[in-house]
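Number of protein chains: 2
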Amino acid sequence: MKALQELIEQIEPADSNWRERAWERLHSQIRPRGSLGRLEEVAARLAGIQQTLQPVVDRKLIFTMAGDHGVAVEGVSAYPQEVTAQMVFSFAQGWASINVLAKHVGAEVRVVDCGVAAELPSQWPILHRKIAPGTANIAKGPAMPREHAVRGLLLGAQLVREAREAEGIELFGSGDMGIANTTPSTAIIAAFSGRPPGQLTGRGTGIDDAALQHKVRVIETALAVNRPNPDDALEVLTKVGGYEIAALGGALLGAAAARVPLVCDGLIATAGALVACRLVPAAKDYLFVSHRSEEIGHGTMIEMLGIQPLLDLGMRLGEGTGAALAMNLIEVSSKILKDIKTFAEAGVTDTGH
Amino acid sequence: MKALQELIEQIEPADSNWRERAWERLHSQIRPRGSLGRLEEVAARLAGIQQTLQPVVDRKLIFTMAGDHGVAVEGVSAYPQEVTAQMVFSFAQGWASINVLAKHVGAEVRVVDCGVAAELPSQWPILHRKIAPGTANIAKGPAMPREHAVRGLLLGAQLVREAREAEGIELFGSGDMGIANTTPSTAIIAAFSGRPPGQLTGRGTGIDDAALQHKVRVIETALAVNRPNPDDALEVLTKVGGYEIAALGGALLGAAAARVPLVCDGLIATAGALVACRLVPAAKDYLFVSHRSEEIGHGTMIEMLGIQPLLDLGMRLGEGTGAALAMNLIEVSSKILKDIKTFAEAGVTDTGH
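First to last, the protein sequences are chains U and C.
Going from the first sequence to this note's numbering is simple: count from 1 and add 96.
Going from the second sequence to this note's numbering is simple: count from 1 and add 96.
These are computed hints drawn from the structure, not numbers from a lab.
A few of these clues could be false.
Since the list can't tell identical chains apart, any single copy or any two copies may satisfy a pair.
Calculated lysine-lysine pairs in the DSS-like style (CA-CA distance at most 27 Å, straight line) [said to hold, decoys possible]:
| # | residue 1 | residue 2 |
| --- | --- | --- |
| 1 | Lys431 | Lys199 |
| 2 | Lys434 | Lys199 |
| 3 | Lys434 | Lys236 |
| 4 | Lys236 | Lys431 |
| 5 | Lys431 | Lys380 |
| 6 | Lys380 | Lys98 |
| 7 | Lys98 | Lys434 |
| 8 | Lys236 | Lys226 |
| 9 | Lys199 | Lys98 |
On a predicted model such as this, the values are computed, not experimentally measured, just so you know.
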């Protein structure tokens with residue numbers, strides 16, 4: 097707990113003075129004010145994070161955090177648990193969606209075993225940091241011991257800070273892999289928002305109507321059994337979270353402590369980010385939300401975070417795929433601030449519009 | 097008219113068999129079906145356009161078509177007409193938003209003087225293809241002679257086909273520059289949709305409430321004076337269009353004739369594309385709409401075209417900026433089709449979801 101407390105104390109808000117200076121430059125560029133929409137907000141936020149009018153987000157790294165979930169035995173997913181390990185293998189081989197999308201945007205992918213149920217061969221080129229072989233079934237009791245939740249948060253933070261220090265990463269992405277993990281993520285959303293699971297639960301990888309109703313009841317049971325206190329984010333994570341969710345939250349804490357932006361993927365990565373922001377509200381200043389997930393609970397998190405996603409492409413894949421796509425928009429936002437000339441620089445007539 | 101008729105006759109629908117084969121592969125990849133959302137639709141459409149499961153959209157070129165508008169004398173814009181030429185100069189210098197965004201996505205920008213009112217120095221590195229020094233004032237009569245509208249369409253088509261043949265361009269983008277050009281574009285939308293200008297008119301570069309009301313009345317006057325027949329797309333273009341709008345429409349016709357995809361920018365480029373699709377409905381198969389513009393009339397065109405935009409970032413700049421950003425998403429879509437493995441290829445358990 098001491099290490100977590102130290103991490104939390106290192107997090108400070110981004111710099112509003114640099115943000116204001118960025119807006120001044122954006123408003124004096126040779127185009128109508130506000131005409132680049134959301135890209136301008138991203139540019140100004142980057143200036144506040146990096147404390148410069150020349151933000152750089154060239155070196156990009158995505159952590160795909162993997163973990164399994166005891167609640168899978170309740171039949172909440174369309175896929176069997178073995179698929180988690182199979183997909184981790186596919187990531188390591190470069191065969192999967194995240195590999196293709198990350199390569200396209202020039203980002204590296206690093207896969208982390210935070211809590212996969214299977215024993216993964218040590219020669220697989222992933223980060224072997226398993227905290228436990230999957231969580232316990234949240235429909236019966238807490239997902240993990242409180243000490244494991246702390247370890248998960250510290251794991252994510254440490255990975256980010258090491259990559260920042262050793263490799264100079266300028267933009268992090270966070271993604272997930274874990275069969276059944278929309279179930280704990282939805283439980284987290286329900287716990288923090290107080291809304292009934294029936295209004296928040298989606299089809300995950302593609303379950304039918306009957307399975308969806310069952311999934312809602314499993315989440316209701318998990319909340320009734322565990323009764324997580326919404327004002328204690330660590331308790332919510334402990335009782336209805338997951339190992340990859342803890343690491344995803346920790347990654348944002350690590351990024352915020354190092355004053356580096358992080359863009360989260362969809363439902364699961366955003367749930368991790370939400371846990372982090374409930375622990376440390378200032379962490380939000382370093383968070384970008386990549387896309388609006390098709391999973392219905394995601395919208396509630398966006399409301400709670402107050403950060404609009406950059407993309408809305410009907411995606412619901414995970415792995416960090418949305419984060420990869422959004423990295424490209426964040427990178428171009430850094431360039432609009434730096435590279436578009438002002439009216440004065442270009443000698444164009446400015447009417448102040 | 098003979099050359100235009102020949103162009104129109106060369107346009108055929110994209111290949112639905114290749115589109116279906118693409119969907120089969122997309123549905124067998126190691127991820128839940130449909131989980132990459134809109135990117136999958138783009139990938140399948142590319143397969144149908146290029147008639148392959150290995151579509152390539154690597155070589156990218158954006159045409160920024162420039163023209164002036166006689167209706168500017170009615171005070172419909174926040175900027176004076178001289179800004180059109182100033183911005184063309186800025187594009188040629190690489191100072192403007194489109195230069196920064198296109199460079200980021202690896203696309204070339206080619207600026208075309210289709211009808212700028214000013215005499216532009218011949219040494220400027222743009223394509224000097226002026227049809228006339230700006231349109232006539234549409235609030236008083238037709239924008240241009242019918243023969244000029246045909247020339248504008250053929251200009252756009254020729255530019256695209258030459259670039260395709262000489263340089264092997266695989267994806268075109270279309271953007272605009274022209275002070276006051278949201279006014280003729282909105283008149284086109286009103287003419288085709290039959291909706292009143294009051295429901296379609298936006299603030300362009302940023303006019304205030306009083307100027308907006310005035311702009312609505314100018315568009316109402318233009319429609320009352322010209323009475324364009326909505327079933328005659330060439331007449332609509334002639335009476336309430338513009339030279340850059342004609343070339344933007346022609347660019348789509350040229351792309352469709354050459355079986356190459358084109359992604360249009362916001363209000364003005366989409367208006368040009370709409371004219372082209374009204375002339376030749378099959379041209380729609382080759383069109384991608386880059387983003388949902390903040391200009392309110394854009395949504396009506398999206399409805400009429402039945403093509404959902406890829407991005408919604410609150411942008412309203414023009415120049416081709418939205419097209420540049422969307423090129424990146426179109427390119428990554430081509431890669432997901434080719435590079436993500438199938439369940440069989442990767443040995444991952446497929447439950448058919």
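Each hint, compared with the structure:
1. Lys431 x Lys199: both (20 Å within a copy, 10 Å between copies)
2. Lys434 x Lys199: both (25 Å within a copy, 13 Å between copies)
3. Lys434 x Lys236: Intra 54 Å, inter 44 Å, cutoff 27 Å: neither.
4. Lys236 x Lys431: neither (50 Å within a copy, 43 Å between copies)
5. Lys431 x Lys380: within (23 Å within a copy, 33 Å between copies)
6. Lys380 x Lys98: Classified as within; 22 Å inside a copy, 61 Å across copies.
7. Lys98 x Lys434: neither (41 Å within a copy, 49 Å between copies)
8. Lys236 x Lys226: Cα proximity of lysine 236 and lysine 226: one copy only (23 Å, versus 75 Å across).
9. Lys199 x Lys98: Answer is neither; intra-copy 38 Å and inter-copy 47 Å both fail.
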